[in-house]
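Novice: What follows is each chain in one-letter form.
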Amino acid sequence: MDLQAIIYVLIDSLAIGLPYSLLALGIFISYRTLDFADLSAEGSFTLGGAVAVSTIVMGVNPLFATILSFISGFLAGMFTGILHTKLKIPKLLSGIITMTGLYSINMVIMGIAKNSPYSNVIYVEDNKTIFDFLNIFEKNYFNIILVSLIIVIIVLFIIYWFFGTEIGMSIRATGMNGNMARAQGINTTVMIISGLAISNALIATGGALFSQAELKADINMGIGALVIGLSSIIIGESVFGKRTFKNWIISVVLGSIAYYLIIAIAIQLGFPHYLKKLLYAVLITIVLAIPLIKKLKNRTKEEKENVSN
Amino acid sequence: MLVIKNVYKEFNLTGNLEDKKIALNNVSLKIKKGDFVTIIGGNGSGKSTLMNIICGVHRPDKGKIILDGDDITNLKEYQRAKYFGRVFQDPKQGTAADMSILENLEIATRRNKKITFKWGFVKKHQTLFVEQLKELNLGLENRLNQKVGVLSGGQRQALTLLMATINKPKLLLLDEHTAALDPKTSKIVLDLTQKIISENNLTTIMITHNMRDAIKYGNRLVMLHNGEILLDVSNEEKQKLKVEDLLNKFDQANESITIPLI
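Listed in order, the protein sequences are those of chains A and B.
So for the first sequence, my numbering puts the first residue at 639; every next one is plus one.
So for the second sequence, my numbering puts the first residue at 125; every next one is plus one.
Every clue listed holds true.
Okay, the calculated beta carbon distance ranges per label pair: (1) B:Lys-258 - A:Leu-916: 54 to 64 Å; (2) B:Asn-372 - A:Ile-931: 51 to 61 Å; (3) B:Lys-238 - A:His-911: 51 to 61 Å; (4) A:Leu-725 - B:Glu-265: 44 to 54 Å; (5) A:Pro-728 - B:Val-246: 32 to 42 Å; (6) B:Lys-237 - A:Leu-641: 54 to 64 Å; (7) A:Ile-928 - B:Gln-363: 53 to 63 Å.
Residues on chain A that point at chain B, a partial pick, calculated with CB under 10 Å: (8) Gly-806; (9) Arg-820; (10) Thr-882.
Some chain B residues flagged as far from chain A (calculated, every beta-carbon gap over 12 Å): (11) Gly-277; (12) Ile-312; (13) Lys-373.
Calculated directly from the structure, the hints in this document are not laboratory data.
Owing to the predicted nature of the structure, the values given are computational and were not obtained by experimental measurement.
Every residue gets a Cβ at the ideal spot worked out from N, C-alpha and C, and that includes glycine.
Same shape as in the complex, but just chain B (with noise of 0.2 Å):
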């Protein structure tokens, strides 16, 4: 379905070529379809970068992204937002602010389409839309024209979850989407993510950086480490594995890049 191949890719901001910054180095990464994939890694292990290239916010300096055996390396981030359902870390970024909970709806129903001259607001979607929010359980339903600015951060990051799965995308996208959201509503969020994909049977990239969470969801975990995969476990492998494996994982492979340089 997704196929990352010897993605490599350098940030280079000031110039100077000892400032040169591998973000990923030649990652290779074949997603099937329906899988439940969660990537985990420290800051700067790329697992950001990967997200972005893959929604097209980077063009990868070498490699391709192949998408159901399309290659869209080239395609822009609005060109491809078609196939991919996005939700952000922060709850601001998914949402636009100052338009109505109706509104942000109606334009994410329209993510595949072209857009036109024809009224934004369709009747027929109305009750699609309050029977859509009933499932998350907020009390949206009832807030249809209130404007998005006025919700908690978890109530905007669900109501972003439901736009981005609206119309079924081919590839969920989620990146670090309850790192800002405080244990109790990450939990309600990482549940409702759970009850969407499973019910929609979506294939889905969740980044996260709670190796609790990166353990419990999916049927696979990719391990991220300075721009290259350190682990990639599945299904039954996946079920046994435990936090302190991880840690251990982690430990070793700072090891041997701190070893050299005493």
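If we strip away everything but chain A, and leave its shape as in the complex, we get (with noise of 0.2 Å):
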């Protein structure tokens, strides 16, 4: 590779992977702080887009059409989680329905622009996006970056901030053990849809960027949004570490960018597109591993010490 295509490689890796970090840190929430592996997240990634593609193409200021797009993954995520608390359904089940309802529900809402019972597909041809509000530079990837990168601290702010919080020290009580968390009097059902609602909304607002970069919105773009999701934030952990909570969301971040550069790499190096989902498959194999892989390690090293003493 030469340095070009290095510098295309860093930049590509870094306009994708903020964008999804936010998907990352929505599936760190449910997956990780609540114990939840919610396929929801496939649903309310494309949601995000739709929403935010259809409602700019229908003139709302592109910063407002993310916003909403933030409260439609908002009630996805109620729904799921009122599926699981209230109707007692299995927590993998609980998300495939909402991920299946989500599919038709997302192909009414990119009709809605078009006046069209239902797409598949809805553009932003020259309607302004998010990226376009501050447009300090010429090339349209740094633009992204630097609007993603704000939003991305801004969020990682707010999330520090909210576990902190009583009710957010709760959700993750909740989350590692839902006995501890009764017996310490929290509502536990509560706490399970709110948490769920907050993941969902983020994986939504990741949606809303990820089209705004990409200026359309399809409706398979959330396919393997889980498995994008947790490789990330496996990556970011055993590369940038968990020790604290903040220290842990940084890294989800660190993550999901480090993601899209291995990806990106291998694209760079010949590997074919349609091929991209087995790379997928594979890479969060290697990553899903890596624990086992270090203990193995471990135990061998101790093996080794203890002989030599």
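Combine the two chains into a complex, taking the hints into account.
Specialist: Structure below.
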């Protein structure tokens, strides 16, 4: 790879990795703090994109459109939470139900702006996106990186603050140990519903940023979202650590960028596009095996030390 | 203080009538303020069910739970938590492993309060926590920011005990809280329990299957068998009680059930 290609890869992974880091942070909240592998992520990521682009096309201010995406994701997460806590549907199934339902809802939302009953794709066209607010750079991807970075930093501050409040701490305790939480007077039902709502709100916001960067939303943009988010989280944790909560959430963002760096390098090296999803699958398998490999390594190291002692 | 009134509870997991198991058969128990009651019984005697019904994990099929004159039978588990301090059999159950000692204690101090968006860490609490952790004598006072997951079973149980009693609950519920510990640690935790209870004058129910502990601790002993109260002795009468007496009682009860079957 020459220097130009390396710079291109770096910029590309920042411009995709930063919007996607909101997805990773959302999945971090459901998977890591609530211990809930929430498949509704796949639907709410697309939902965020569909709501943002459709409302932008209808003339809504892009910032407000992004906030609408946040709200739509919030509602989707609440729905999954209610399915699980009130109707006692297993976690995985609750997420699948929301994801499946959202598929049709997303098509209807994308149809609205086109005056058609449904649509599979919608383009931003000549309308302004959230990245046009700070039109500092000539090249659009620099604006994407800058605006995304500002939003991500704001979100990181809010997450850090929120999970340090009494309610945030209770959500974390609920995910870690429901029995303990209830014994400490925490209403675990409310905590699960609100945790999932916040998680999906962030995921939808990620979808809103991503679709504005790509200048379109399409019905399949959410496929693999959970796998991408989980990979980002685990790469972040194993490379950048999770000693404190602050360190942990920053690692998730960096992990998301690192993830896209790996993908971009693979594609730059000539990895065919149609095998991209297979690459995702292989990557997450490797990433999930990292803790086990580390453990084995430590064990053999200890054994060697024992022998030498 | 706590009145358990004709509580009946049966479990029927398969839906088949023959598989019906009566866990508690019209159990009534009155616990006075300041009582330290030990509850003893074999497997399937109903002691765990009784505890779960008091703290709201299960609802009784019939009967009432009354605390200080208020009927709490229909309150959910988390709604009753403000009255109770609980320590579980499994040391992992009482604390959140991936949170620090400090965070666990901060959560416990809010058990009887409404939680808000206020910042969860209060400077003033920290000095209080350090003081109370010192009392445990386990060296935890210097490890406030360490995750609870790295503590030993005994340390976790002692911490849970502190969390359960930090805001002086109306009733302390100990559910075989030393059963998972080795004999030495078990004794340390039990002595600690005794100390905290007498210092704060806490009303306590302690479930155990160790007859010696049941006799040694507390001012009242209740023996459960097949969902019914077999023995209920207090004060002087309890002090005279020996392990053999309990064993005899247990054998008698078993005989009265097995003989008709032969």
